[in-house]
Amino acid sequence: MYAKGLRGFINLLLVCVLTGSLSYAAVPFFNEYQAKANYLLRFSEIMSWPSTAFNNADTPIRICLLGESLNHFEALLLDQRVKGRTIKVLHFLETWYNLKELDICHILFISQSEQPLLSNILAYTQHSPILTVSEIEDFVLEGGMIQFYKRDNQVRFMLDPETIEEAGIIIQIY
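For the sequence shown, the working numbering begins at 667 and goes up steadily by one.
Everything labelled a hint here was simulated from the structure, so no lab data went into it. Model, not experiment: these values are computed from the prediction. C-beta: ideal position from N, C-alpha, C; glycine also. Careful, some of the hints might be misleading.
Unchecked claim - Here are the simulated lysine-lysine pairs, DSSO-like style, with alpha carbons at most 30 Å apart: (1) Lys766 <-> Lys754; (2) Lys754 <-> Lys816; (3) Lys816 <-> Lys749; (4) Lys766 <-> Lys749.
Said to hold, decoys possible - Pair by pair, the computed Cβ-Cβ distance ranges are: (5) Leu765 <-> Gly834: 15 to 23 Å; (6) Asp724 <-> Asp818: 39 to 47 Å; (7) Glu734 <-> Ala789: 17 to 25 Å; (8) Thr725 <-> Asn819: 36 to 44 Å.
Put together the whole structure using the sequences plus the hints.
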């Protein structure tokens, strides 16, 4: 009982930290993609991957974009550094990847265009240290980790801390 209450408190604290520190994402000149890109960067700051997820201290954090219509993300994420590591953006188009290629990803953003393949993608990444993020409806209910959605014209997110933990990723709040 106490652990569930503590976990709920930690989850609430996480949401407050992320949404509070990213409140500028709702400023009118920010568009939806800028807000989502900022969230992806913030997620990379507060997540801790197992040491096996990186070859060495110089290995970049790889944010992989899976699907169509994601070119706008690439420009927003270029030349960024998090925790002393560079951010490397990789874009996989539906016809250009096989699931094994996703093993190098630390964060995997799955586009709406991949909805028909979602169950295969999530089954493949289920116990890998890959943070799965999408805007696909019911993504978290289907086994994804973080789902973007819009409410009151603002980008928001929901997450499943248990699924994140099962993948060996730790949420660290400073």
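Checked hints:
1. Lys766 <-> Lys754: Satisfied, since the Cα-Cα distance of roughly 18 Å is no more than 30 Å.
2. Lys754 <-> Lys816: Distance of about 27 Å is within 30 Å: holds.
3. Lys816 <-> Lys749: holds (29 Å)
4. Lys766 <-> Lys749: Within the cut-off at roughly 27 Å; holds.
5. Leu765 <-> Gly834: 15 to 23 Å: holds (19 Å)
6. Asp724 <-> Asp818: 39 to 47 Å: holds (42 Å)
7. Glu734 <-> Ala789: 17 to 25 Å: Once the Cβ atoms are compared, 21 Å apart, the range 17 to 25 Å for Ala789 and Glu734 holds.
8. Thr725 <-> Asn819: 36 to 44 Å: holds (38 Å)
Going through the hint list in order, the structure satisfies each hint without exception.
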